[in-house]
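Chains as they are written, first to last, in our numbering: chain E, 6 to 421; chain Y, -13 to 122.
These aren't lab readings, by the way, just hints derived from the structure by calculation. Remember, predicted model here, so these are calculated numbers, not experimental data. Fair warning: there could be bad hints in the mix.
[Said to hold, decoys possible] For the chain E half of the interface with chain Y, some residues (derived, Cβ under 10 Å), not all of them:
# : residue
1 : Thr72
2 : Asn367
3 : Ala390
Think of the CB as a built atom: it goes at the ideal place given N, C-alpha and C, for glycine as much as any other residue.
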Amino acid sequence: MGIQSAAPLDVEAIREEFPILEREVAAETPLVYLDNAATTQTPRPVLDAMDRYYREYNANVHRGLHTLSQEASVAYEDAHDRLAAFVGASGGREELLFTKNTTESLNLVAQAHGLNELGPDDAIVTTEMEHHSSLVTWQQVARRTGAEVRYIGFTDEGYLDMTDAEELIDEDAAVVSVVHVSNTFGTVNPVARLGELAHEQDALFVVDGAQAVPNMPVDVEAIDADCYAFSGHKMAGPTGIGCLYGKRQVLAEMEPFLYGGEMIRSVSFEESSWNDLPWKYEAGTPPIAEGIGLAAAADYIDDIGREQIERHEDWLVEYALDRLAELDGITIHGPRDPADRAGLVAFTMDDIHAHDIAEITNAHGVAIRAGHHCTQPLHERLGIAATSRASFYCYNTRGEIDVLIEALLDTQELFS
Amino acid sequence: MSPGADMYREQILDHYKRPRNHGKLEDPTFTHTGENPVCGDKITIDVELEDDVISSIAFRGDGCAISQASASLLSQELIGMDLDDVEELDRDDVTDLLGVDISPMRIKCAVLAEKIVQDGAKIYEGELDIEHTTTE
Ligand SMILES: Cc1ncc(COP(=O)(O)O)c(C=O)c1O
Chain E
6 MGIQSAAPLD VEAIREEFPI LEREVAAETP LVYLDNAATT QTPRPVLDAM DRYYREYNAN
66 VHRGLHTLSQ EASVAYEDAH DRLAAFVGAS GGREELLFTK NTTESLNLVA QAHGLNELGP
126 DDAIVTTEME HHSSLVTWQQ VARRTGAEVR YIGFTDEGYL DMTDAEELID EDAAVVSVVH
186 VSNTFGTVNP VARLGELAHE QDALFVVDGA QAVPNMPVDV EAIDADCYAF SGHKMAGPTG
246 IGCLYGKRQV LAEMEPFLYG GEMIRSVSFE ESSWNDLPWK YEAGTPPIAE GIGLAAAADY
306 IDDIGREQIE RHEDWLVEYA LDRLAELDGI TIHGPRDPAD RAGLVAFTMD DIHAHDIAEI
366 TNAHGVAIRA GHHCTQPLHE RLGIAATSRA SFYCYNTRGE IDVLIEALLD TQELFS
Chain Y
-13 MSPGADMYRE QILDHYKRPR NHGKLEDPTF THTGENPVCG DKITIDVELE DDVISSIAFR
47 GDGCAISQAS ASLLSQELIG MDLDDVEELD RDDVTDLLGV DISPMRIKCA VLAEKIVQDG
107 AKIYEGELDI EHTTTE
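Excised from the complex, chain E in its bound form:
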């Protein structure tokens, strides 16, 4: 091992916390998990936290006076503070609500704010690299309110066209909704600058942080986001839980999105009033175990350190870009400079369909994603139906990238 192979993180120790990484996907074919942008694996402390909840204090929250319910309520409510702190929200739980995932968080903003506040004179400015969770949602808001959707374009290298952004975010802009890190190009977008442009026009500034929060330090206040959405299952947490950060005032003003139990203060046959923040947005029995598990994931990630995770992913991406470039007929999408991207690389290979690639790499134990990654319009802009994508997390190694390259060489040989 030379100097260049010294990983920024102690990967061996980290891998011991992830039991799933020991499995083989076929006889003598160890799993090489490179689909972390789709979902990350779950470490023992998160599994243990959820297990302990179910074994020791499983109860409904907020309404019980008995011991189990009190314990569950405290743990679940504290989890909100933990996640608020994780993204730099100084208002604690009042600025951080739990949803099912990023998609639901964005839909909440779109329904609670978009449908109620927008009209035919308004513009929703978003980007051509949005995930469908934002793109489709704002499209629907536009359809129902008469507002116009505008898309900020991207350059050949997968950077947002900021000249385009400055033009499109004009006095009609009522909402500016952008993806922090593209799940296809990997580009880290200049969200703080986009926030300035949005606020100059008094537009609501919404950020999709699904690919940012797991991989780099994120400070919603430094970005000056009005709303910021992310998912638990992409940050070493469980599925079934996501977060929406909202500035206190924004959340106080918006109407609830779901109605029912837990979100009310009092109810009569004629009318109801709403509970305090954030509970006003959490109707019905919430994902209690998942909330507790997500708080454990935040602890786990902070123990490693997000600067370190970011550095580790840059180190992997740098190597992946170099090794992939050795292959004939390969096109790598997104920025060339590893510093401008998060830990993922999407690519296409001449004359070999992305699904064929993913199927053959799978035979080598390598899990990658193939398809349009829920960014179909972006792929259409590139003139391709699908790309293959390798994405990394704190437990990946350069050796695993070598296995990927071997698998790709094998694919090319089969198809030659």
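Let chain E serve as the given structure and place chain Y with the ligand on it in line with the hints.
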């Protein structure tokens, strides 16, 4: 190797790289197009009939190896088949032709061409009214 690599046996790769009955017919009795949104596979098939028996067939399109090889293999099988028998075909017939186990995620790629011919025949017979076939 897992079934994944097995799916790419020589026969499939051969038909993918050198598709049989590839192209267009001069004077097709019917033409039909279909898509598999999962992989973005797209295929158009021309069929020429003589007394309700397929006398020639040609296909074109692009997509993954499984979809294109299935179209090629199926095209050979269809020549000389009458439309009633075409309607009777099911997914097992296609996987038998391919000679390999197709993973559940890819079965739509494998059956795309078969579904296009069957829908095309139904449209021709006036039993169906659609523009395109999709596998979803
Ligand atoms: C950029 C981006 N936004 C939104 C999402 C949607 O996340 P979820 O499926 O957890 O709602 C994803 C994940 O697929 C993503 O990568």
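Status of each hint after checking the structure:
{"no.": "1", "hint": "Thr72", "verdict": "violated (46 Å)"}
{"no.": "2", "hint": "Asn367", "verdict": "holds (5 Å)"}
{"no.": "3", "hint": "Ala390", "verdict": "holds (3 Å)"}
The structure does not agree with numbered hint 1 stated previously, though it agrees with all others.
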